[in-house]
Amino acid sequence: MFEVFSDIFACRENALSRVDPRPKLIIALSLILTVIVSQGVLLPAGVAAVCVGTMLALRVPPRLVLLRLSPPLGIVVVLVVLKAFLTPGRRLVLLTLFGYDFNATVEGITQGLLLGSRVLGAVSVVLLLSTVTPAYKVFAGLRWFRVPEVWVEIAFLVYRYVFVLLEQASDVQAAQRVRLGYSSIGRSLSSMGILAGTVMAQSMEQALRTHEAMMIRGYQGRYPFGPLPAMKTIDQALAVVAPCLVAAAYLLAEWWPR
Amino acid sequence: MTFAYQEGTRALEGIDFRVESGEFVAMLASNGSGKTTLIKVLVGLLKPQHGKVHIEGEDIRNLSWKDLYQKVGLVLQNPVDQLFAPTVEEDVAYGPRNLGLVESEVQARVTEALEWVAAADLRFRATHHLSFGEQKRVCVAGVLAMRPSILILDEPTAGLDPAGEALMMRLLNRLNREQGMTVILATHSVDLLPLFADRMYVLRQGKVLKEGPADEIFCDHEMIDHACLRLPYVADLLHTMKQYDGVMINGLPLTVGEARLRLLELIPEEMIVKRPGVHPE
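If you read the protein sequences in the order shown, they are chains A and B. The C-terminal residue of the first sequence carries number 258 in the numbering used here, and the numbering is unbroken. The C-terminal residue of the second sequence carries number 1281 in the numbering used here, and the numbering is unbroken.
Source of the hints: derived by calculation from the structure; they are not laboratory data. The structure presented is a predicted model; accordingly, all values stated were derived computationally and were not measured. Warning: the hint list may mix true and false statements.
Stated by the list, open to error - In silico SDA-like pairs for lysine to any residue, Cα to Cα no more than 25 Å straight-line: (1) Lys1210(B) to Glu1178(B); (2) Lys1066(B) to Lys232(A); (3) Lys137(A) to Glu1103(B); (4) Lys1242(B) to Ala1259(B); (5) Lys1040(B) to Lys137(A); (6) Lys1066(B) to Met214(A); (7) Lys1040(B) to Lys232(A); (8) Lys1071(B) to Lys232(A); (9) Lys232(A) to Lys1242(B); (10) Lys137(A) to Lys1052(B); (11) Lys1040(B) to Asn1173(B); (12) Lys1040(B) to Val172(A); (13) Lys1052(B) to Glu212(A); (14) Lys1052(B) to Glu1020(B); (15) Lys1207(B) to Arg1262(B); (16) Lys1066(B) to Tyr223(A); (17) Lys1207(B) to Glu1007(B); (18) Lys1242(B) to Arg1262(B).
Bound conformation, chain B alone (with noise of 0.2 Å):
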């Protein structure tokens, strides 16, 4: 597909984007590549002057506002543009009110939906009352409480701190693995995407670059510098340390689990102290 906003400036050139059923999808790019565009385009708050968008086999042009919005959920970037009632409870039983649930099953979906994020002690709380981690939760239990088999998310973790960050991926895990729930992920923090990612798009000035697992992507260094992206910290430094201090490492590992697992092979095993009862997570 192809969209160029009306002032002329093209976000996104021939796009083919495609994303299995119950997959885990991040799209990396760098600010102002047409990420959030994309996404836009993908829940069809923006119509592409070429191309469709079809979602579970159905042209999203056919479908009504609200058979759409129970098929494919969108959680922005920034929680103030999406919690817009006074309270955490009102506000996850937005959605499930406009689809014209009796209220019995609303307050089901909105106990669930809190549940599922940890925020159940939050239900009673004005959200202008929230921390920012506490808002980006409940912003996506309130879409979950419309139960969506589609989750989009633009930049979840930004601003929040590191627990909150891993907080927040291990929810987005579950959701994928344990309900089978399709996500789809835009961000450029690439830290943690290689533990939870099946595939990967990446983006650079509205076209993709290129798309793969993980481990094809942060492969190719010259792509992620042209991508203004980076390696994950831990892939970066064993990098630097087979480029320039000729450790020889096998392949390039992408998650810190990885990267011990080949430095064990390089280390003599005198050296290796086993501490019985002690494994790292």
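The shape of chain A in the complex, shown without the other chains (with noise of 0.2 Å):
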């Protein structure tokens, strides 16, 4: 049930994960933006498709994209039901429940069609820069677009012991689990408010024995940060020519002659 939020595709070596993260970041804001402001389904739904083909490549396991895609993919479905029912426009089809009359116009399928893309467009790009970088990369990069550092400690701390609380999420659920807590619907929603309830209480002991062992170690109150690495060439080129490439394809895309 947590492997979703595994990062171990992010540690290992390949072309992409080598890249310097600042570049992958430009790179990937660069691609959110043409893909929000987008007015056509082909560039959001492009990108979605490289996106989702690089990380079926790095053998990130289809089931595990599938799953990480799951939570958006719902949002569109959402978004597609209710502007296909909302905008008006000419009928598609019409239902009938309960003797009332919902039509789905084309306009509205077409235009949720279009924002769920610009959704699954948009996701797809965090998702594949967080499947060849590690968070701490990309929370050091970050900080050379300077992003306060206090935000960066937190997310520094927040990544380093979502994993922690992770686990013993896990360890409780198996716990309740071989006591029969998840046999019936009602025990299920009991079991879970109390993992939920033990697991907050956790985490705020958790929170006072690091800061004591923080303090242990010299903490002033401002995360010790080292400094940033100088970018390569190569990844200085990349962060200037591939936006510049993204663009291009926004224009194309856009005026395309149909």
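Assemble the dimeric complex from its two separately framed chains, guided by the hints.
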């Protein structure tokens, strides 16, 4: 259940993971912006397909890719349905429920698909970025972009301890399971409440202990980040060229004669 | 010193705890005897209601946090509590960076500390990808990187497999014998201590029951029972043989090496087959 959060792929060696995180952040940001402002389905869908294809090529199990895409996919389905039935236009499908007529329009479905493709495109970019870049490198890159260090410090600690808490949650859930804590819907709900409360209490205790440990090693209220490494020439070139290519792809997709 | 928690639990009573520079001292105590509380008092995390803590002649209340934690390092029992950076390198560098050292010095200390704990190959690993034994070693490295003169460890071998336990104790022994570091170890794992510890304190319910070298401590069976501890297994075996089988063994050997020598004294020489080139470790 918790494998969806695993970052083991980000720590693997491959061509993409060797690239400096800063150009990767610039490329991801430009792709996300392009996808969001795109007026057609083609570009966002293409970006999503390329990102998913890249993850599969990097041997991320298809089941895991699907698992990570399932929340945005759910959002997309809801978007398409709401847009289809709430947007006026040419009727495509008529649905009668409890004596009420619901019209799904062509314009609504088109708009819904556009929004949905934007969501999938943007999320796929973020998923690919997380697959080829460990989170702590992303945070280090954010410092270079002058994101306030206190935010980066909090993100560092969250990243470190989310795995601890997930493991604790997994252990608690296993202990509940062997004691039939999930043998019925009612028991499952109760057990999940206990699980959430236990993890919350443990996280507060963990915070106190970690604070003590940080004090023992000289913590003064600011996390002592090390210097950022210099970017290699090839990474600098990538940071400049890749967004231009993304912009060119956007212009091509938007203004290609239909 | 005396310490009581806010809810009234008297965790330490009349403790007199002294360690000489360069000693390897063990705190032997069962669960709930106050050893973790004593450790926290020693490093200034808790303030005793009565008594003082002096380190190298200075009252720790007069020392800044920076000065105090350059003198004394603490390795906690649970590695999760003190591995708070995403990677091993970041975590070990944490202390030296807090000391305001230049980055080249920080990196040199990281390299040195990881080599001491035989974890140089783990430098770029994510901390949540480490095994339990690896986490324990990296925790020690994180404290060693601050180059303390006193190292206090709370149950450093808890949860380790036998090989990990032996590796950890040998590491601490090397730090003590080769680097002259004062080592204070809180544990209830008695088997390896006679090999390494110069002296031991036995705690029970916040009080010191006895203090002295290993042979004095483990000869007092009544005190050991009262403290809810046990003898090292080899000592327990020979004590049982002495008591119930009438085997005449000199003294009470505490280690396998000592026991071997004592038993060889009892075995007729014609029954011993010496194997050339074969020596116990």
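*Against the earlier hints, flag every one the structure doesn't satisfy and list their numbers going up.*
1, 2, 5, 7, 8, 9, 10, 12 and 15
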